[in-house]
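**Q** In case you want the letters, here they are:
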Amino acid sequence: MTEVKVAKTLDARGLYCPGPVMETAKAIKQIQVGEVLEVLATDPAAKPDIEAWARRTGQQILDIQQQGGVTRILIKRVK
Amino acid sequence: MGENKKLSIIVFSGTIDKLMPVGILASGAAAAGYEVNLFFTFWGLTNITKQGIQNQPAPIDKNYEKFGPMMMQKMQEMKYPMWYQLVEQAKEVGEVKVYACSTTMEFFGIKREDLANFVDDVVGVATFLDRAEGGTVLFI
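Just so you know, the sequences run in chain order A and B.
If you count by UniProt numbering, then the first sequence holds residues 1 to 79, one letter each, in order.
If you count by UniProt numbering, then the second sequence holds residues 1 to 140, one letter each, in order.
Keep in mind that the hints are not guaranteed to be accurate.
To be verified - Okay, derived cross-link-like pairs now, DSSO-like style, lysine-lysine, Cα gap no bigger than 30 Å in a straight line:
(1) B:LYS6 <-> B:LYS111
(2) A:LYS29 <-> B:LYS111
(3) A:LYS29 <-> B:LYS91
(4) B:LYS66 <-> B:LYS6
(5) B:LYS79 <-> B:LYS97
(6) B:LYS6 <-> A:LYS47
(7) B:LYS97 <-> A:LYS29
(8) A:LYS26 <-> B:LYS74
Just so you know, the hints here were simulated from the structure itself, not pulled from any lab data.
All of these numbers come straight from a predicted model, not from anything done at the bench.
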C-alpha cells in the first residue's frame, strides 16, 4: 500500500459516542482540502459512526484498521 | 452532498435520563451536518436557566431511580460530558438553535436574562413548527 501522508492526527481514544464523531468534525476543519486526517478511537461505535458521518458530510474514508481495541481511520478532506 | 437534513427535539422532560439523550442526539446530529433545533418547554425549560445549569445533574426519573447512582458514577468514570456541555459542543461544530418556550417562561416566572447563554431565542410553537418543518421531530 502506498504511504499516505497524514496532515493531522486526532487522538480520540477514551472518548465515547458522540465524542469521536464530534472531535472528527472539528479536526477536519483544521486541515486543508486534499489533506488526510488520522483518527484513533477506542469507542466500538467509532467505525460505523465515522463512516456514516463521512457519507453525510461528503468526506472520503481512505482506510480503516482495527489494531487491538483501537480503530485507526484515515479520512481525506474532500470539501 | 446529501440533502440538508434536520433534527428537531421538543425537550419536555427535566430529568437527567431524558436530558442526556437530548445532548447526545443534538451533538451527534450537528457533527454530521444536520440542522438541529431544540425547543425547551415545561420541565425541560427549567434546566436551561443559569440556575438550572448550576443544579446539574438534574434528578433522575422516579421510574429509574434505583439505577441513578450507578449511572452517575459510571458517567464520572467515563468523564462523560454533562448534557448541556454536549449542547454547547454541538453549537460549536454545527448549526444548532436552542429555543425557550415563551408560555412556559411565564408559568415559571422565568425572564430572558435568567436563561443560559447558549439559548438563542424565546419563541412560541408556530416558530418551532416552522423551523422543524420537513425534518424529524422528537418529543423527549
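**Q** Does each hint hold? Answer for all of them.
**A** Evaluated hints:
1. Between B:LYS6 and B:LYS111, the direct Cα distance comes to roughly 29 Å. Compliance with the 30 Å bound is thereby established for this hinted pair.
2. With a C-alpha separation of about 37 Å, the suggested pairing of A:LYS29 with B:LYS111 is violated against the 30 Å cut-off.
3. Under the criterion of a C-alpha separation no larger than 30 Å, the hint pairing A:LYS29 with B:LYS91 is consistent with the structure, at around 15 Å.
4. Only pairs whose Cα atoms come within 30 Å are accepted, and B:LYS66 paired with B:LYS6 is rejected, the gap being roughly 35 Å.
5. Proposed proximity of B:LYS79 and B:LYS97 is supported: the alpha carbons are some 26 Å apart, at most 30 Å.
6. Restraint check for B:LYS6 and A:LYS47: satisfied, since their Cα atoms lie roughly 23 Å apart, inside the 30 Å limit.
7. The hinted pair formed by B:LYS97 and A:LYS29 meets the criterion: a straight-line CA distance of about 21 Å does not exceed 30 Å.
8. Pair hint A:LYS26 plus B:LYS74 holds up; C-alpha atoms about 26 Å apart against a cutoff of 30 Å.
Hint check: violations occur at hints 2, 4; the rest are consistent with the structure.
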